[in-house]
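Working from the sequences, and respecting the hints, build out all of it.
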Amino acid sequence: MTEEILAPPDVPHVLIVDDDADIRQGLVEVFHRAGFKASSAPDAAAMDKALEADGADLVVLDLMMPGEDGLSAARRLATRGWPPVIMLSALGDDADRIVGLEVGADDYLSKPCNPRELVARARAVLRRAKDTDSRRGATEAARFAGFRFDFARRELVDPDGVLVSLSTGEFRLLRAFMERPQRVLSRDQLLDLAFSNESDVFDRAVDVQVSRLRKKLERPETGELIRTVRGEGYLFTAKPTPA
Amino acid sequence: MSDPETPAKSGQPIAAHLAVLVAIALAAAYVVNLVAVVMLPPRPPDVMRGDKVLEAFTAGYAIARTGRTPPTGDGAKWTIQKQKPRVAGAPRAGRIIVHDLARRLETTPQKVVVAFDATPTDVVVFRVRSEEFRVEHEKRRADGEKVREMHLRARASREGESRVRREVIISENGDVTLRAPNAPRPPHAGVEAPMPPQPPNAVTEQPVRIAPRPPEPPEPPEPPRFAPPPPGVVLMSGFLVAAEMADGRWLVMRQQSNAETLDWIMRAALGIGATLVILLLLALLFARRLAAPIQRFAEAARRVGIDVGEAPVKEEGPRELRTAARAVNAMQGRLRSLVAERTEMLAAVAHDLRTPLMRLRLAAENADPALRDKLAKETGEIDAMVSSFIAFARDDPTREARVKLDLAALLQSAVDDRTEAGQDVTYEGPDRLVVMGQAVGLKRLVENLIDNALKYGRVARVAMRQDGADVCIDVTDEGPGIPREEREKVFRPFVRGEGATGAGAGLGLAAAREIARAHGGDVEIRDGQPRGALVRVTLPV
Numbered sequence: 180m181t182e183e184i185l186a187p188p189d190v191p192h193v194l195i196v197d198d199d200a201d202i203r204q205g206l207v208e209v210f211h212r213a214g215f216k217a218s219s220a221p222d223a224a225a226m227d228k229a230l231e232a233d234g235a236d237l238v239v240l241d242l243m244m245p246g247e248d249g250l251s252a253a254r255r256l257a258t259r260g261w262p263p264v265i266m267l268s269a270l271g272d273d274a275d276r277i278v279g280l281e282v283g284a285d286d287y288l289s290k291p292c293n294p295r296e297l298v299a300r301a302r303a304v305l306r307r308a309k310d311t312d313s314r315r316g317a318t319e320a321a322r323f324a325g326f327r328f329d330f331a332r333r334e335l336v337d338p339d340g341v342l343v344s345l346s347t348g349e350f351r352l353l354r355a356f357m358e359r360p361q362r363v364l365s366r367d368q369l370l371d372l373a374f375s376n377e378s379d380v381f382d383r384a385v386d387v388q389v390s391r392l393r394k395k396l397e398r399p400e401t402g403e404l405i406r407t408v409r410g411e412g413y414l415f416t417a418k419p420t421p422a
Numbered sequence: 003m004s005d006p007e008t009p010a011k012s013g014q015p016i017a018a019h020l021a022v023l024v025a026i027a028l029a030a031a032y033v034v035n036l037v038a039v040v041m042l043p044p045r046p047p048d049v050m051r052g053d054k055v056l057e058a059f060t061a062g063y064a065i066a067r068t069g070r071t072p073p074t075g076d077g078a079k080w081t082i083q084k085q086k087p088r089v090a091g092a093p094r095a096g097r098i099i100v101h102d103l104a105r106r107l108e109t110t111p112q113k114v115v116v117a118f119d120a121t122p123t124d125v126v127v128f129r130v131r132s133e134e135f136r137v138e139h140e141k142r143r144a145d146g147e148k149v150r151e152m153h154l155r156a157r158a159s160r161e162g163e164s165r166v167r168r169e170v171i172i173s174e175n176g177d178v179t180l181r182a183p184n185a186p187r188p189p190h191a192g193v194e195a196p197m198p199p200q201p202p203n204a205v206t207e208q209p210v211r212i213a214p215r216p217p218e219p220p221e222p223p224e225p226p227r228f229a230p231p232p233p234g235v236v237l238m239s240g241f242l243v244a245a246e247m248a249d250g251r252w253l254v255m256r257q258q259s260n261a262e263t264l265d266w267i268m269r270a271a272l273g274i275g276a277t278l279v280i281l282l283l284l285a286l287l288f289a290r291r292l293a294a295p296i297q298r299f300a301e302a303a304r305r306v307g308i309d310v311g312e313a314p315v316k317e318e319g320p321r322e323l324r325t326a327a328r329a330v331n332a333m334q335g336r337l338r339s340l341v342a343e344r345t346e347m348l349a350a351v352a353h354d355l356r357t358p359l360m361r362l363r364l365a366a367e368n369a370d371p372a373l374r375d376k377l378a379k380e381t382g383e384i385d386a387m388v389s390s391f392i393a394f395a396r397d398d399p400t401r402e403a404r405v406k407l408d409l410a411a412l413l414q415s416a417v418d419d420r421t422e423a424g425q426d427v428t429y430e431g432p433d434r435l436v437v438m439g440q441a442v443g444l445k446r447l448v449e450n451l452i453d454n455a456l457k458y459g460r461v462a463r464v465a466m467r468q469d470g471a472d473v474c475i476d477v478t479d480e481g482p483g484i485p486r487e488e489r490e491k492v493f494r495p496f497v498r499g500e501g502a503t504g505a506g507a508g509l510g511l512a513a514a515r516e517i518a519r520a521h522g523g524d525v526e527i528r529d530g531q532p533r534g535a536l537v538r539v540t541l542p543v
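Chains as they are written, first to last, in our numbering: chain A, 180 to 422; chain B, 3 to 543.
In case anyone wonders, no lab produced these hints; they're calculated from the structure.
A portion of the hints provided could be inaccurate.
As the list claims (entries may be wrong) - Cβ pair distances, simulated, as ranges:
(1) B:495 x A:261: 26 to 34 Å
(2) B:374 x A:397: 41 to 49 Å
(3) B:424 x A:401: 29 to 37 Å
To be verified - Beyond 12 Å from chain B on every Cβ pair, some chain A residues (computed):
(4) 224
(5) 359
(6) 410
Please read all numbers here as calculations on a predicted model, not as lab measurements.
Here a beta-carbon is modelled for each residue, glycine too, at the ideal position from N, C-alpha and C.
Structure, rendered in structure tokens:
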């Protein structure tokens, strides 16, 4: 079953996979209203057929479905490398989120979510997918300057082996930096990449987040990891290596 | 010793292990003692007859005079030294012996030294090589008191010659005189004997022969035999005999009887010590062999207790342990299926509760903005309750692994997340404080407390300080506070504070306390200053 709403061909195509017809219908409408091309499938098998037939730029995947469950489907898509996946699940624990991100989902949202947040996250995932060459690398862990950063677990382990918690903003900022290392990122770019779903975040907030993140990364032996480039923005000086 | 692998593989009861231990230990102890007794040499005799010692010294002196080294052996040690040997205190009979020695060496008493420890005679039996006569005198002194004296008549050493050459007279008080056998009178006791004959003195004496006249000298001489020491002969042990030689140096002969004894004691001690060491090693070995599977069992059981998904306990070691391991494994199986059932049930509950909420939420997107926001708020509150219920039912605070984490960063992140959402939350405390703890659990604890403070007291002031071995986290709000009598009650699951409105299942504080206690700490409620509630978390560092 494929419900498709026609849209111009250059707009991103979102495939919604959920076993609940009302949710499916509602999400298709939400994405359509947001200017996406949206289609839907009731289970993993239908999802495969739809991808085969029309392809998709993004899959919004339910976790608990009859037949093959969402985790297994997400793992398959991650192995293929395309399209990116947002898990939408009734299980919203940290542990569930980590499992979802670890099997290769690009983002994880728990039901019930704000539909507009889902759209914002979808935009962010699409942007990141376009922007980074190695999209799959973003879901794993990376090392830089003695730190280990686990994207799925949102864990930053410092050179002494101490787990350093990050706020959501700091996490997104660090992820944005690590996906674009040694490049000057303007405040607008950072706002886009790290704070896409919060409309009321201003340039000043970026500076605050950067200074907080700097404080958490500050170690005498690592030197300056986030450099301020006057008039332009910020530069992440370390080169992350996959861990 | 038995094959060391046998006990662990056969699964014998612990009693059997102990029996083997005892048997082997006893056998080892006996073997060592036996070896010690067989290998130890007999203790050398360390009591010598004074006259023989002097004889030996005289012979050695004669050799040393000719410039050669005196013979060694016989438990005596010969040295030549420049100084006169110093001897502290002289034994009772020293003077007699000194005089005797001086006479033997044909020198003066000042040029000889004799020192020794006298030994009681009643326990010593001598081996004698030539026959001697023992003659006892009874003499009457001037005051009429009877005095016993002994004559010791040594026979000529040359074989076949039976002539008695000299007679030694030793009085009760230890004085010694010598005379030729035919001399009519001994000299007065206590005087160094010049050559006989001596003028008779005031003491009359009646020589009485007690010992029988010896038989004619046997041809060939009789084999050595044993006899008690001749009466009056001084017995020595640990002696030192010395005499000045012509060149002014001193010839010293000494016996160190204590050294021999000490040596023997040392060997005995060594044997006992070796036994002890072997026993200890064996006991240690067996204790380890017994303890190792028990320790592995305990460790495996502990792991299973933390996470039922762990590998089952290995069934090994003594029989009792195998039984216990089987029981634990059976329990683990039951627990595992229980946990699986519970996880499935909770997932179903979450799915069944949240799917309609999501539907509602999506449906609300079509409503007008005011209704939409109202519905969003309601669904959000129901969702929060579902979340806290599921989290409480699902999370086992002992399960999560402990890692080194920065508690200050954890608090700051939780505060920052809420500040960014526009809420009034502050943090005060160190920038970095590393503890061992559960990252997810502690985060939940802190977030529960902050969210409680925000819900009931509009603001949350988070403060952390290290207090000795504890870390204190205070979360203060500006709400009405919690009355004293309700402070324990609110920690019970599903109990909510007086006047609680809005969403909440009453699980936040219960979960917080459970997590804190799993870390060895606690959560308690106090009065805020100037008002509000102060929730204090104490955690050991």
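How the hints compare with the structure:
A C-beta distance of roughly 46 Å is found between residue 495 (chain B) and residue 261 (chain A), which places it outside the suggested range of 26 to 34 Å. Checking the proposed 41 to 49 Å range against residue 374 (chain B) and residue 397 (chain A) shows it holds: the Cβ atoms sit about 44 Å from each other. At about 33 Å, the beta-carbon gap between residue 424 (chain B) and residue 401 (chain A) stays in the expected band of 29 to 37 Å. With a closest Cβ-Cβ approach of about 20 Å to chain B, residue 224 (chain A) is found to remain outside the 12 Å limit, as its non-interface label requires.
At roughly 22 Å from the closest C-beta of chain B, the C-beta of residue 359 (chain A) stays outside 12 Å, upholding its exclusion from the interface. Distance check for residue 410 (chain A) against chain B: the nearest CB is about 26 Å away, which clears 12 Å, and the non-interface claim stands.
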